[in-house]
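Undergrad: What follows is each chain in one-letter form.
2 protein chains.
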Amino acid sequence: MEHNLQHTISLLTRTPAALNALLRDLPETWTVRNEGEDTWSAFDVVGHLIHSERTNWIPRARMVLQFGEAQAFGPFDRWGHQRESQGKPLAQLLDEFARLRLENLAELRALHLKPDDFARRGRHPALGVVTLSELLATWAAHDLTHLHQISRIMAHQYREAVGPWSEYLGVLKCAGHSSP
Amino acid sequence: MEHNLQHTISLLTRTPAALNALLRDLPETWTVRNEGEDTWSAFDVVGHLIHSERTNWIPRARMVLQFGEAQAFGPFDRWGHQRESQGKPLAQLLDEFARLRLENLAELRALHLKPDDFARRGRHPALGVVTLSELLATWAAHDLTHLHQISRIMAHQYREAVGPWSEYLGVLKCAGHSSP
Chain X
1 MEHNLQHTIS
11 LLTRTPAALN
21 ALLRDLPETW
31 TVRNEGEDTW
41 SAFDVVGHLI
51 HSERTNWIPR
61 ARMVLQFGEA
71 QAFGPFDRWG
81 HQRESQGKPL
91 AQLLDEFARL
101 RLENLAELRA
111 LHLKPDDFAR
121 RGRHPALGVV
131 TLSELLATWA
141 AHDLTHLHQI
151 SRIMAHQYRE
161 AVGPWSEYLG
171 VLKCAGHSSP
Chain G
1 MEHNLQHTIS
11 LLTRTPAALN
21 ALLRDLPETW
31 TVRNEGEDTW
41 SAFDVVGHLI
51 HSERTNWIPR
61 ARMVLQFGEA
71 QAFGPFDRWG
81 HQRESQGKPL
91 AQLLDEFARL
101 RLENLAELRA
111 LHLKPDDFAR
121 RGRHPALGVV
131 TLSELLATWA
141 AHDLTHLHQI
151 SRIMAHQYRE
161 AVGPWSEYLG
171 VLKCAGHSSP
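One line per chain: the protein sequences are X and G, in this order. Everything in the first sequence is counted per the working numbering, starting at 1 for the first residue and increasing by one. Everything in the second sequence is counted per the working numbering, starting at 1 for the first residue and increasing by one.
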């Protein structure tokens, strides 16, 4: 399936509400526990999504449009959310994510991208040449990879509790996020 | 983390709303496509969750309480949802899942389980002896395994569109659900 801006926006619009419905007011045993040393909790993942809204997608889209391949994106700090999120309640992070996403989708629409723009090229500091279309598709897929990760982190908390059923639960066999 | 009935109920309560927020009115390219032959779409997974509400969790909990190990659960038909869901709009399935979950949580509360009950034993046709506590923990983890699967099915639709970023997206590396 090729990238389609309307499909991307449809998904990006829904993620904050989905995470809100899943996580708000859940007991902390689900939301602040992780999968072991140097791994993330659901709380951390929401913090990372906020940090990405601030520093990743729209700023990088602007760089593609403004500089093309001439200037590489700045590196993304995958632990950059830690200081920003520390001590905040999860409900506040969920609100913040929803607000930033709404603002960024408004910015995306305001770019008035034309069909030709999607092939425009930028430079990723590690991956090399990427297109605007790939960047936007990745924004949506990044939501999904973290929803996937949150489900896995939460399921991990019941790894022992499910007893022999663990054999049937694919989420307990996932090695998709060996690093965060 | 041990099984905790209130934590299980907290999660079970939220899943229908989370899936509703994620999936309702999404373009069908996200919801009816699967990962290839003999795999499920997000639509199929919601159908399976409905089928499980009808035939799996509460009926099996009743069997544990009534027959203990003396009588094995009936086998669960993992394709049992197909006939039930066929031709229905996804919005109707989401409503149906929410309604059945609400009813089943009311039934669960009406069982008035006491601490001793969680260790009561039943018989799974393939896994052998299981406890009521394991069954209830699995009900919650089963929601998570399918949220995990839905995220993966949807991300798969953008596997090509993300270009070189696929390297960073854990969801595209997950082999946790080799069979549905």
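Just to be clear, a hint being listed does not mean it is correct.
Note: identical chains are not told apart, hence a pair may lie in one copy or across any two.
What the hints assert, rightly or not - Subject to a maximum C-alpha distance of 25 angstroms in a straight line, what follows is the list of computed DMTMM-like cross-link-like pairs (lysine to aspartate or glutamate):
#	residue 1	residue 2
1	K173	D77
2	K88	E103
3	K114	E28
4	K173	E2
5	K114	E160
Quick caveat, the hints were computed from the structure, so don't treat them as lab data.
Undergrad: For each hint, tell me whether it holds in the structure or not.
TA: Hints, one by one, checked against the model:
no. : hint        : in the structure
1   : K173 - D77  : between (28 angstroms within a copy, 22 angstroms between copies)
2   : K88 - E103  : within (21 angstroms within a copy, 35 angstroms between copies)
3   : K114 - E28  : between (45 angstroms within a copy, 24 angstroms between copies)
4   : K173 - E2   : between (29 angstroms within a copy, 19 angstroms between copies)
5   : K114 - E160 : between (52 angstroms within a copy, 21 angstroms between copies)
The earlier numbered hints are all upheld by this structure, with none contradicted.
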